[in-house]
Amino acid sequence: MSLWHSLLMSLPFEWAQYDFMGLALLAVLLVSPVLALLGCLVINNQMAFFSEAMGHSALTGLALGALLGLADPTVTIVGFAVLLALAMFLMRRISAVPTDTSIALVMAFVVALGVVLLSRGGGFAKYSRYLIGDILTITPGELGWLAGLSGVVVCAWVFFFNAFFMVSLNRSLAASRGLPAAVLEAVFSVLVAVVVAVSIPWVGLLVINSMLILPAATARNLARNTRWYVLGAVLVSLFSGFLGLVSSYYWNTATGATIVLWACGFFTVSLVVRKR
Amino acid sequence: MRSCGDCCIRLVDFGVRLQGQPVLEQINLHMHCGELTSLIGPNGAGKTSLLRSMVGEIAHSGTLRFIHQGNVETKTPLRIGYVPQKLELDRTSPTTVLDLFAGALSRWPLWAGTRKAVRAEALAKLELVGGESLLDRRISEISAGQLQRVLLALALAPVPDLLLLDEPVAALDQGGMERFYQTVSRMRTEYDLSILLVSHDLTSAAQFADRMILLNRTILCDGPPREVLLSPLIRQAFGFGFTEQEIAERRPAFKELEHEQCDFPMRRAP
Chain A
495 MSLWHSLLMS LPFEWAQYDF MGLALLAVLL VSPVLALLGC LVINNQMAFF
545 SEAMGHSALT GLALGALLGL ADPTVTIVGF AVLLALAMFL MRRISAVPTD
595 TSIALVMAFV VALGVVLLSR GGGFAKYSRY LIGDILTITP GELGWLAGLS
645 GVVVCAWVFF FNAFFMVSLN RSLAASRGLP AAVLEAVFSV LVAVVVAVSI
695 PWVGLLVINS MLILPAATAR NLARNTRWYV LGAVLVSLFS GFLGLVSSYY
745 WNTATGATIV LWACGFFTVS LVVRKR
Chain B
6 MRSCGDCCIR LVDFGVRLQG QPVLEQINLH MHCGELTSLI GPNGAGKTSL
56 LRSMVGEIAH SGTLRFIHQG NVETKTPLRI GYVPQKLELD RTSPTTVLDL
106 FAGALSRWPL WAGTRKAVRA EALAKLELVG GESLLDRRIS EISAGQLQRV
156 LLALALAPVP DLLLLDEPVA ALDQGGMERF YQTVSRMRTE YDLSILLVSH
206 DLTSAAQFAD RMILLNRTIL CDGPPREVLL SPLIRQAFGF GFTEQEIAER
256 RPAFKELEHE QCDFPMRRAP
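In order, the protein sequences belong to chains A and B. Numbering-wise, this note's numbering comes out as the position in the first sequence, counting from 1, plus 494. Numbering-wise, this note's numbering comes out as the position in the second sequence, counting from 1, plus 5.
In isolation and in its complexed conformation, chain B is listed as follows (with noise of 0.2 Å):
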């Protein structure tokens, strides 16, 4: 609906052992620019270490493509936004918002001061999640859902090919985690970005992706999102499913977004 369709993110036979032991086999996906896929899957799928594969922390088999218009294969490796779910941070730590970008964007050390034109990118890319009052104020003393906020605004200097977003809202509030799914579809469109969210929230992950995928180990289920929801593979990995009323009960609030990108009802299922 939204995407290009001219190009997308490829993985071929995409397989990941960690310690010896495999946890990811036989991964083929196909992502195309413009389409936000969720990720759902028990805890120990493989969800996270499919994410850390990608941006090349963990070692994988197989191959990872980013093709262009008329399937002409990129000589730049992919560019992927990251965006973690937590940093590792007490709360006495001194980093603030400009501390992260700086440290991202600039190899000019931190302690030596910070490049005018890297605050003005920050400030830039703050201005897109509506952070832009973040951006001196220290990392420990912000909530959660401001964080979120900045990491998704972090992950999108420069804007990639490929955004991965590891469970993004698990620390966030009802409203908190709206917002940012909402910011999410914002920038999918704005950007025609491909995004990949790895979701515990089932359902409300499900109202904003355009394809969700079951993984457990590989690849389950593939489809659009009620479709997934709807499959008996969803009792077998989590012990529970969905029925129909209940997904159609979601269905306005999935509807509403399309038109209303802010601050709408949202209905939630009983």
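So here's chain A without its partners, still in its complex pose (with noise of 0.2 Å):
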């Protein structure tokens, strides 16, 4: 970590003097390229709403916490998310409501649930954090846990990508091929789950997807195969979340919007380029 940051402060920039900013970029470093990966696979499940009403649970999930008189939230809302995720994922398989009627139902009613308990005695604005994120307070100890869980992701990635590739084709096809597909789906929503509950605090509620969707979104936009798909999306993750970071420091904003901001870039630039 010393290496890192007296590595950081051999550059001539302002923002590389500073302890916290060395962590934030680890941080962004880490989480965006996991986000992207995800992403892609997000994309190809078409299960963009339902990542979405993942972030959102969050709001609940704090709340429970909130609750419980827990310091650190982040156990009910990672439980939450993973528990909402494995309910919708039984909704998907039994019921015959259109998964995005649903999902616009649960996400209705977990956004509800969770700004009623936390306003209670007028108390909301000091859950603000968790809309937008705060990526430059993250410790050396929570760094750690999130370089484990990108470590698992990646792993997930090297051991199972094309499982969870067939079983986003077709699940019969999948099937056939000796894939459970319904226990991959299952872990993918949970993992999915877990990725974007433990990220809320750092890039906050109500960007979390785009930073999910975007890279994906636009690696897909020029990829000719699902190599340069899932690579590029990983390179427009790292290249925005690095732009966002140092950009916020220098217009004083709030870090996970702007690195989104920096993404929504990035997606036009290859719309255009798809275009012509």
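Don't read these hints as lab results, they were simulated from the structure. Take the hints with a grain of salt, since some may be wrong.
Unchecked claim - If you only want the chain A side, here are some residues facing chain B, beta carbon under 7 Å, derived:
1. Arg721
2. Val724
3. Trp745
For each residue, glycine too, the CB sits at the ideal point set by N, CA and C.
Each of the two chains sits in its own frame; use the hints to bring them together as a complex.
Right, here's the structure in full:
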């Protein structure tokens, strides 16, 4: 860690002289590509709306943590998101209600419930950190957790990417190839839920889904095959993460949203390039 | 006729329940290798559920067995090739034909590149259906007919014991449909495959099938296509039937197929 800081400090930039910026940069370089990796398959699975709901469920998870008097509500945020992901997975399988309608219902419910619980006594303002995120306050310990989670996702992408990919194309086709389609779908939903929930304090629940979707959507416009789709998404996320962090320092703006604006810029460029 | 007769696929007391409701009951079925069976039935008859349970996507009761020569049951699980009606892809999808093969045949993650062996295998299977030139094309930019041929080639890698096709020609035009059925027919003889084909288009399917099964929750009728189409059960299930003449007019096309494998003039019933 001290090596990282001294490396940064040797750079001739003002932002690189602060420890918190060094930690934030590491966090951004960990979180952005992991969200981008997930995003590729989220788009393939047409689950963008599902991941949005996962982000919004953090409000209720946060409220449960507050009710239980937890100092760090991460456990309840992650726990609630996972429960919700599994519940929605089951709903998709057994209910005749169209998926987008059921997600909209669930999302309305978890947002309302979270806001009602958190606003009791007029104390909602102190939770606004979770809405916009604050990556500059990350500690080395928290960074360790993020690194562990990133490791899990990268391992899943090394060993099971093709399996997830086949299920996203056609469940029956995947099953005919001996893949446990339902299990893989459930695992993928839970993975998205956990990564989104863990990232929310740093990225902010209002913009987390954009960080998931935008890099992949950008790469999708340009990629000629799946390989460049995934690698392109990771590249776009790293660039927008880095540029977003540094520009938020100079503009004195919320980092998560600034990163998303850069990603929007890249997406627009990719649209123009695609049209030509 | 073409069947080796030595091996068969046997469904015994096969049934499927979805959300507690029985959708298929008491399915007892033998399929021999080299035999193309066409599965027909009205909407909601359970055709797709039958395929989904056979590939193992949804649970079933009863047994599905592959029996080798001399009534020896194999220890290895039945290898099933499945040709879906469509893939869940949108127009912007970067997925290529090669991605499809690599994703199915190899555990090496797609984003880390494709092994040479996988590429060669994909190319070899595509050659069987005349689709070599499609290898590096994106699936979203090839035609419906080309995609069906690609999916057929994929189902043949590796060569399965049983090939299941779910309304493979629904999105194709007349010419594309005929070419597709011809290719499937050729595969049946070449690899001595058991083929089960779900079809909406009753008469076209009949021309290529050795056998036809009318399904509505259970097997209502099972026999040569001509007999099944003439059965009064057809009118009960679909609300319309066929006359002897209508089917007879299709015989020449059927005959020609036996000798000439491609580009024959297909005669349509009025």
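For which of the previously enumerated hints does the structure constitute a violation, in increasing order of number? 3
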